Amino acid sequence: MSQNLAMTVNGRNVTVTVDDPEMPLLYALRNELGLTGPHFGCGLGQCGACTVHLDGEAARSCVTPVASAAGKTIVTLEGLGTPERPHKLQQAFIAEQAVQCGYCANGMIMQSAAFLARTPRPTEAQVKEELVNNICRCGTHPRVVAAVMRAAAQG
Amino acid sequence: MNAINMNRRSWLKASGALVVGFAAGGLPNPAAAWTEKPVAGDQVAAFLAIDQEGKVTVYIGKVDLGTGVRTGFMQIAAEELDVPLSRVRVIEGDTALTPDQGATYGSLSIQVGGVALRAAAATARRELLSRAADRLGVPVAGVGVEDGVVVAPTGRVSYAELVRAGGLELKVDPAAPIKPPNARRIVGREIPRVDIPDKVFGHAGYVHDLKVEGMLHGRPVRPPRMGAVAEAVDEASVAHIPGIVRVVHQGAFVGVVAENEWSAIKAARDLKVRWSAWAGLPDQTKIWEHVRASQVAQVQVTQERGDPAATMTGAARRMSASYDFAIHTHGSMGPSCAVAEFKDGRLTTWSASQATHNLRKQLAMMLAMPVEQVRCIYLEGAGCYGRNGHEDAAADAALLAKAVGRPVRVQWMRADEHGWDPKGPPHLVDLRAGLDAAGNIVGWESEAFIPKGAGGNVDLTAAELSGLPRESLQSPGNIVHNLALPYALPAVKTTCHRLETTPFRPSWIRTPGRMQNTFANESFLDECAAEAKVDPIDYRLRMLPPEETRGREVLERVARLANWQKRPSPQRELAGEWVTGRGVTYCKYELVRTYIAGVAEVSVNRGTGEIRVTRFFCTHDCGQMINPGGVRTQVEGNIIHTLSRTLFEELTYDRGAVTSLDWGSYRVIAFPEVPQITVELIDRPAEAPWGAGEPAAAIVPSAVSNAVFDATGVRMRSVPFLPAKFKAAAQST
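Protein sequences appear in the order of chains G and F. Going by numbering that gives the first Met the number 0, the first sequence opens with residue 0, and the numbers climb by one from there. Going by numbering that gives the first Met the number 0, the second sequence opens with residue 0, and the numbers climb by one from there.
Don't take every hint at face value.
[Unchecked claim] Pairs of lysine-lysine, BS3-like flavour, derived with a Cα cap of 30 angstroms:
#1 F/401 with F/565
#2 F/726 with F/565
#3 F/54 with F/36
#4 F/726 with G/127
#5 F/401 with F/271
#6 F/36 with F/170
#7 F/532 with F/492
#8 G/71 with F/210
#9 G/127 with F/724
It should be emphasised that the hints constitute simulated quantities derived from the structure, not laboratory data. In this text the structure is predicted, and so the values were computed from the model without any measurement.
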């Protein structure tokens, strides 16, 4: 039986209708709300490609049941910043050219944004440790670290 | 409900640079060949269109797999035509719109695809200038171009006006003059990639994001044992799942289709299938015995000079060793995905295939359709480092769409990707060398045991499982390259034993064969240098043919870059738990193009066997660089990706199937393990542009192996360099 779940997504109050409250949040975001910034990478919470902010914390939307997001505030890559009002990390990723295929970039940016919010002046080693569970296959790692440090330096 | 339902047109509109819209009118041409414009590779119009506003569209058969070549193609066209970069757009890999330039592999996108585009643009420029000169009443020598407008003392005329009087229906002239280096303003510059802003704002438009009107969601249900067939499928076991549309079963091909993605995932997970027994894989612990015992289909000698058997017999010292390289998965970040739609008797697929023209033929063969009735369109996917699962997902989607009569989107789950993408095959090389009293190599023999086949099509899994027509090809890529040596040795023979079979469906993964052969050659060469007690860079330099000035330069420059201290390996400070060392490698890619040298620095824990690569230096000469920024990121990516493969990656399997089905069981490099990387690019604007997407990967495994030896005196001859392997090698040293 379907049920309606209310949540705030990128500043909008939305209601998502689902058949199965155990469905991962990722599918509601991508297929119901058209927010394709978060990507399906593993469905196991191992790679980070699906990362969103759930009440300000980085969360793996591929293993977060949609029902557990009811009543919460969700921010996706689209809501973090826009070309008109970019987040400093989005600007930094462009400045450092820290993207190849870009499939992991969502997770790199969302994980780092939540991290910088609580650790505004990290060391490089802290950035690397924070991203230890974010996988990249193209080999953008040094540029991602440089981008996070660049964004952090902007305060 | 706030569902944002985007139909195909609005999606295409939203995807900006990736516009792949159908030609005006929407319906396909009734003509036999399903093309919307000229696509023959010898025609300018196959590569270029200039519209009535002067905007330039590039049509290219090579696709941007996350490497940045789209920006490079734009630079090439903008440069030759003298139009601003912002007025150029690129359409890639659409069988109805782009020329067939072969698969996007082998580091050939710029070297071959870009050079063909450059010739088309240069031909177009010459024609446009000639037309303008006629119109303006001046000789061609008296006109110039400013931002797509031809100017002469007598007046101005835009490209847009010139093409209004007639299109660009002319043959490409490969000899049409290109801009000389000193006249270039766009090519050779580090232009930021055009695709990155969309990717950081979540608007990239990957194939995974495509929605087609009426689209359903499908998932394949793969056999739990690779050769098993589905003896019985219990459709009732998933009938209760909301939105389930169909269970499809043909031989060993099983799939489910549902109205929404989560229902398809649950149905694939819960479907009860009785699979037959199968245990046809070799014992992983005896993989190299299995490889040695495999039937040889062909013996291929790739280099032969002098009589190495004789010179080795008389040599002062004789050396021998075997090197092996594990089976790897591509491990793409995004599991393979495709959408297929049948309409008016025709099939359209959208996928991240690196070879849409080949996929088109394979799908037509599988479905017994005329190839003219199939259109395959490239959309960007997660990074692709060779033929992974994208084509197979397209075949899955096509079979499911045919069964249900509606468009179907298929995205594999992580276990499908790790379990069923084609694999980089096991690669084994035996080497022997003879040294004279001074340590010079007087004879060298190597024998590689590698599967037969080349860079042809890789069979579609859906065709194989369902028993539908396929080519039954084995295509591991051109894996014989770089077994031959780039050095001037008096006697050498390199032989490839091409094996009839290999345990898993093989395909190419970044630097196929070149990486494994370079690992064997450059590590074994290092063994010889150590035996000769000569500095490893000096040893290589004295064996390089005198005419190889570019090879000499990358080696000499990497020595300076890494502050290389001359001495033989291993180093003498063998005290303490952690020891450090450095190793070098040189490669001339396929012995005909890009020159690379690298130095790895490592720390090794002699107790635990843990190997940490702390710094990596690379010098790189790929001739002319279209975009040095693009080359630099490719070199960085090559190094990091290959460090992951060298240190950690190994497919595991039991007798029935792959068991490394996630990122926990197939370990890859993590942020803290990535070393400091220093890259020095050598630009040669007057030379031909060669590839950069693969060559730097070739130097990584042996540079690390040589550094570990330098640090510890222990030789790593088996990739990946796991701690247990170090400890075993240390014990036998």
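Hint check results:
no.: 1; hint: F/401 with F/565; result: violated (66 angstroms)
no.: 2; hint: F/726 with F/565; result: holds (28 angstroms)
no.: 3; hint: F/54 with F/36; result: holds (17 angstroms)
no.: 4; hint: F/726 with G/127; result: holds (28 angstroms)
no.: 5; hint: F/401 with F/271; result: holds (23 angstroms)
no.: 6; hint: F/36 with F/170; result: holds (15 angstroms)
no.: 7; hint: F/532 with F/492; result: holds (25 angstroms)
no.: 8; hint: G/71 with F/210; result: holds (28 angstroms)
no.: 9; hint: G/127 with F/724; result: holds (27 angstroms)
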